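Undergrad: Order-wise, the sequence lines are chains A and B.
Just so we're aligned: 192 in full-length UniProt numbering is position 192 of the first sequence, and the numbers increase by one with no gaps anywhere.
Just so we're aligned: 158 in full-length UniProt numbering is position 158 of the second sequence, and the numbers increase by one with no gaps anywhere.
Hints are computed from structural coordinates only; laboratory data are not their basis.
None of the values given here were measured: they were computed from a predicted structure.
C-beta: ideal position from N, C-alpha, C; glycine also.
Don't take each hint at face value.
[Claimed, not checked] With a Cα cut of at most 27 Å, we get these calculated DSS-like pairs of lysine-lysine:
no.: 1; chain 1: B; residue 1: Lys-147; chain 2: A; residue 2: Lys-115
no.: 2; chain 1: A; residue 1: Lys-312; chain 2: B; residue 2: Lys-127
no.: 3; chain 1: B; residue 1: Lys-227; chain 2: A; residue 2: Lys-115
no.: 4; chain 1: B; residue 1: Lys-147; chain 2: A; residue 2: Lys-127
no.: 5; chain 1: B; residue 1: Lys-227; chain 2: A; residue 2: Lys-127
no.: 6; chain 1: B; residue 1: Lys-115; chain 2: B; residue 2: Lys-127
no.: 7; chain 1: A; residue 1: Lys-312; chain 2: A; residue 2: Lys-147
no.: 8; chain 1: A; residue 1: Lys-227; chain 2: A; residue 2: Lys-127
no.: 9; chain 1: A; residue 1: Lys-147; chain 2: A; residue 2: Lys-93
no.: 10; chain 1: A; residue 1: Lys-127; chain 2: B; residue 2: Lys-115
[What the hints assert, rightly or not] For each label pair, taking beta carbons as the anchor points, the in silico distance ranges come out as:
no.: 11; chain 1: A; residue 1: Gly-212; chain 2: B; residue 2: Ile-306; range: 45 to 53 Å
no.: 12; chain 1: A; residue 1: Arg-250; chain 2: B; residue 2: Thr-177; range: 47 to 55 Å
no.: 13; chain 1: A; residue 1: Ile-337; chain 2: B; residue 2: Asp-152; range: 52 to 60 Å
no.: 14; chain 1: B; residue 1: Lys-312; chain 2: A; residue 2: Thr-177; range: 53 to 61 Å
no.: 15; chain 1: B; residue 1: Ile-15; chain 2: A; residue 2: Asp-248; range: 36 to 44 Å
[Unchecked claim] A few chain B residues that don't get close to chain A, going by computed Cβ distances all over 12 Å:
no.: 16; residue: Pro-189
no.: 17; residue: Gly-212
no.: 18; residue: Gln-236
no.: 19; residue: Glu-320
Single-letter residue listing:
Protein chains: 2
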Amino acid sequence: MGDWVNMAEVWRGDILESVHRGRAVVCDSRGEVIAAWGDIDAVTYPRSSCKMLQALPLMESGAAARFALTPEQLALACASHEGAHMHTDRVVKWLGDLELGERDLRCGPQFPRAKEEQEELIRFGQKHDRTHNNCSGKHSGFLTLNKHLGGDAEYVELDHPVQQAILTAFEEMTGETSPGFGIDGCSAPNHACTLRGLATAMARMADPSALGEIRGQAAQDLVSAMKAHPELVAGQGRACTELMDSMDGRTVVKTGAEGVFIAILPERGLGVALKVQDGATRAAETAIAALLVRLGVADPNHPAVIKRLCPKQYNFAGLETGRIAPASALYADGAAI
Amino acid sequence: MGDWVNMAEVWRGDILESVHRGRAVVCDSRGEVIAAWGDIDAVTYPRSSCKMLQALPLMESGAAARFALTPEQLALACASHEGAHMHTDRVVKWLGDLELGERDLRCGPQFPRAKEEQEELIRFGQKHDRTHNNCSGKHSGFLTLNKHLGGDAEYVELDHPVQQAILTAFEEMTGETSPGFGIDGCSAPNHACTLRGLATAMARMADPSALGEIRGQAAQDLVSAMKAHPELVAGQGRACTELMDSMDGRTVVKTGAEGVFIAILPERGLGVALKVQDGATRAAETAIAALLVRLGVADPNHPAVIKRLCPKQYNFAGLETGRIAPASALYADGAAI
Numbered sequence: 001m002g003d004w005v006n007m008a009e010v011w012r013g014d015i016l017e018s019v020h021r022g023r024a025v026v027c028d029s030r031g032e033v034i035a036a037w038g039d040i041d042a043v044t045y046p047r048s049s050c051k052m053l054q055a056l057p058l059m060e061s062g063a064a065a066r067f068a069l070t071p072e073q074l075a076l077a078c079a080s081h082e083g084a085h086m087h088t089d090r091v092v093k094w095l096g097d098l099e100l101g102e103r104d105l106r107c108g109p110q111f112p113r114a115k116e117e118q119e120e121l122i123r124f125g126q127k128h129d130r131t132h133n134n135c136s137g138k139h140s141g142f143l144t145l146n147k148h149l150g151g152d153a154e155y156v157e158l159d160h161p162v163q164q165a166i167l168t169a170f171e172e173m174t175g176e177t178s179p180g181f182g183i184d185g186c187s188a189p190n191h192a193c194t195l196r197g198l199a200t201a202m203a204r205m206a207d208p209s210a211l212g213e214i215r216g217q218a219a220q221d222l223v224s225a226m227k228a229h230p231e232l233v234a235g236q237g238r239a240c241t242e243l244m245d246s247m248d249g250r251t252v253v254k255t256g257a258e259g260v261f262i263a264i265l266p267e268r269g270l271g272v273a274l275k276v277q278d279g280a281t282r283a284a285e286t287a288i289a290a291l292l293v294r295l296g297v298a299d300p301n302h303p304a305v306i307k308r309l310c311p312k313q314y315n316f317a318g319l320e321t322g323r324i325a326p327a328s329a330l331y332a333d334g335a336a337i
Numbered sequence: 001m002g003d004w005v006n007m008a009e010v011w012r013g014d015i016l017e018s019v020h021r022g023r024a025v026v027c028d029s030r031g032e033v034i035a036a037w038g039d040i041d042a043v044t045y046p047r048s049s050c051k052m053l054q055a056l057p058l059m060e061s062g063a064a065a066r067f068a069l070t071p072e073q074l075a076l077a078c079a080s081h082e083g084a085h086m087h088t089d090r091v092v093k094w095l096g097d098l099e100l101g102e103r104d105l106r107c108g109p110q111f112p113r114a115k116e117e118q119e120e121l122i123r124f125g126q127k128h129d130r131t132h133n134n135c136s137g138k139h140s141g142f143l144t145l146n147k148h149l150g151g152d153a154e155y156v157e158l159d160h161p162v163q164q165a166i167l168t169a170f171e172e173m174t175g176e177t178s179p180g181f182g183i184d185g186c187s188a189p190n191h192a193c194t195l196r197g198l199a200t201a202m203a204r205m206a207d208p209s210a211l212g213e214i215r216g217q218a219a220q221d222l223v224s225a226m227k228a229h230p231e232l233v234a235g236q237g238r239a240c241t242e243l244m245d246s247m248d249g250r251t252v253v254k255t256g257a258e259g260v261f262i263a264i265l266p267e268r269g270l271g272v273a274l275k276v277q278d279g280a281t282r283a284a285e286t287a288i289a290a291l292l293v294r295l296g297v298a299d300p301n302h303p304a305v306i307k308r309l310c311p312k313q314y315n316f317a318g319l320e321t322g323r324i325a326p327a328s329a330l331y332a333d334g335a336a337i
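Could you put together the complete structure from these sequences and hints?
TA: Next comes the structure, spelled out in structure tokens:
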């Protein structure tokens with residue numbers, strides 16, 4: 001299938017204006033490839049798509065139980081949220097429960113993506129802070145684990161016990177030795193893996209039968225929390241939230257920066273991972289929607305699915321100018337996988 | 001060189017995270033190809049990169065002279081501005097001079113890109129309007145031409161005299177029969193052409209010696225206006241403005257949506273056009289900076305050039321996470337063209 005495969009087309013009128021390429025793979029929990037597009041053994045950064053893997057040590061260590069974390073908190077630990085009040089209020093309370101505060105977060109301050117909160121900050125002349133960072137829930141999870149382990153305050157350092165526990169879980173779930181890491185948008189290390197390894201890890205989240213009791217329970221609890229609280233995983237109108245909502249809690253999806261998307265399909269015991277070569281979110285959303293339809297878990301006629309699978313494009317005057325569509329190499333006639 | 005060529009690389013730490021491909025060509029005013037990357041005869045939409053071509057009928061018809069348009073207004077007619085006061089104030093005055101108003105613009109209302117004006121609108125509970133649209137200067141030019149021609153109010157219709165005059169000028173400058181058009185973000189028709197045709201048109205703007213007296217003067221006046229007022233062509237901190245500033249008015253550059261960039265090099269009589277396959281602005285900026293350096297008109301050590309040629313990437317905490325760099329297929333060792 002070549003190194004990269006066409007994933008999404010951007011049409012303006014009758015002329016193809018832009019094209020996005022990518023790689024994608026569907027695996028089962030043994031790492032067997034069910035379907036693949038492009039070079040799935042090339043190395044990629046999972047970015048935020050692997051937050052549920054990064055949350056495994058929080059569960060397995062007993063930290064989550066000790067601090068009686070709720071499913072809402074677990075969903076936030078796996079979230080790239082938009083800094084709406086429903087997210088930041090919960091993070092502030094969580095930090096308070098740990099007798100910590102905003103200053104203890106090691107993610108930087110990020111202007112929220114949520115429009116209402118953006119306008120509120122501007123109207124009241126307030127500054128955004130670290131609780132608005134889309135990763136503040138993940139970092140609250142890191143801080144919870146750190147409190148349990150008794151590590152020092154610099155929990156995003158590579159050799160810190162929190163990050164070492166995450167690296168171990170990440171390598172065990174992907175079945176690979178990570179070839180390197182990068183500093184993520186939130187300052188935590190982000191470990192690289194192959195796309196096949198990432199899909200395998202997601203299949204193991206979907207089908208934890210071979211993971212042993214402790215990790216198996218951890219995986220199930222995290223997947224259940226994400227399925228139960230899609231609005232906390234991203235936010236109103238966002239792809240992860242709306243796609244999960246549309247699938248009635250049957251499937252978990254999670255985006256990552258630079259065009260990554262994963263899916264966890266518990267009913268089929270499968271995992272999906274994809275990466276758009278150029279990093280475009282619009283293409284990653286179209287591609288994951290296409291794969292979810294082909295995997296039989298998303299309805300191609302549901303408005304939330306249409307919005308990603310083949311969204312019409314409008315200009316500032318509201319005129320329809322074109323559309324985005326999955327490329328035939330990926331979607332063909334939507335045949336089942 | 002193949003259909004598409006690597007143009008820009010996005011690195012995170014030591015691992016290549018994303019890659020952008022594209023096509024680029026440098027032509028002279030006879031349409032001779034000086035250098036090329038990828039299939040330059042494929043059809044593309046120039047989008048906003050061709051606004052100076054769309055402004056030619058405004059000049060050639062005598063409308064600009066009749067309404068005594070200033071170089072500032074001509075720069076705005078060729079602009080994709082960010083809706084700052086320096087742009088909208090001039091547009092409002094221009095419309096008033098024509099005894100027209102915001103309601104006569106056929107571009108839709110666009111929330112301004114300029115941060116200060118964004119915050120001002122929110123703080124004072126005001127709505128953005130059509131003067132904030134990045135094309136409101138171009139549309140003021142359309143309205144000026146329309147007033148001169150005595151056409152009806154719907155000046156963005158394909159068969160309207162304003163758009164027919166633009167199509168004629170566009171085809172004459174590109175030396176091609178346009179294979180079709182799309183509706184642009186501002187509701188005006190955007191005619192497609194080859195990348196070679198677009199670069200040829202820009203070379204003719206750079207070297208108007210064979211265009212005849214009227215068109216030659218029109219081209220010179222528009223290029224001079226853009227060179228004299230780079231801040232009106234885009235805005236503070238924007239690529240077009242900063243790159244033109246850095247080149248001391250020796251070269252005109254103009255971006256277009258979906259990863260298009262053009263350059264007009266009067267000193268060398270050359271035109272440049274490039275298109276990023278996936279439509280990414282970050283890659284188009286890196287690619288045009290690379291070509292401007294290779295063409296000897298941009299200084300690779302100037303901060304405004306570095307910011308596009310090889311910008312370091314930082315996260316929300318201010319940590320350096322990686323860099324964007326021109327791909328070797330495009331930039332190699334920066335050898336002169």
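Undergrad: Evaluate each hint against the coordinates.
TA: We went through each hint and held it up to the structure:
1. B/Lys-147 / A/Lys-115: violated (40 Å)
2. A/Lys-312 / B/Lys-127: Since the Cα atoms of A/Lys-312 and B/Lys-127 sit roughly 25 Å apart, the hinted pair holds (cutoff 27 Å).
3. B/Lys-227 / A/Lys-115: violated (37 Å)
4. B/Lys-147 / A/Lys-127: violated (47 Å)
5. B/Lys-227 / A/Lys-127: violated (38 Å)
6. B/Lys-115 / B/Lys-127: holds (15 Å)
7. A/Lys-312 / A/Lys-147: Violated, at about 48 Å.
8. A/Lys-227 / A/Lys-127: violated (32 Å)
9. A/Lys-147 / A/Lys-93: holds (16 Å)
10. A/Lys-127 / B/Lys-115: Distance of about 15 Å is within 27 Å: holds.
11. A/Gly-212 / B/Ile-306: 45 to 53 Å: holds (51 Å)
12. A/Arg-250 / B/Thr-177: 47 to 55 Å: Given range 47 to 55 Å: holds, Cβ gap about 52 Å.
13. A/Ile-337 / B/Asp-152: 52 to 60 Å: holds (54 Å)
14. B/Lys-312 / A/Thr-177: 53 to 61 Å: violated (29 Å)
15. B/Ile-15 / A/Asp-248: 36 to 44 Å: Since B/Ile-15 and A/Asp-248 have Cβ atoms about 37 Å apart, the given range 36 to 44 Å holds.
16. Pro-189: violated (9 Å)
17. Gly-212: Given a closest Cβ separation of 31 Å, the condition holds.
18. Gln-236: holds (19 Å)
19. Glu-320: About 8 Å separates B/Glu-320 from the closest Cβ of chain A, which leaves it inside 12 Å; violated.
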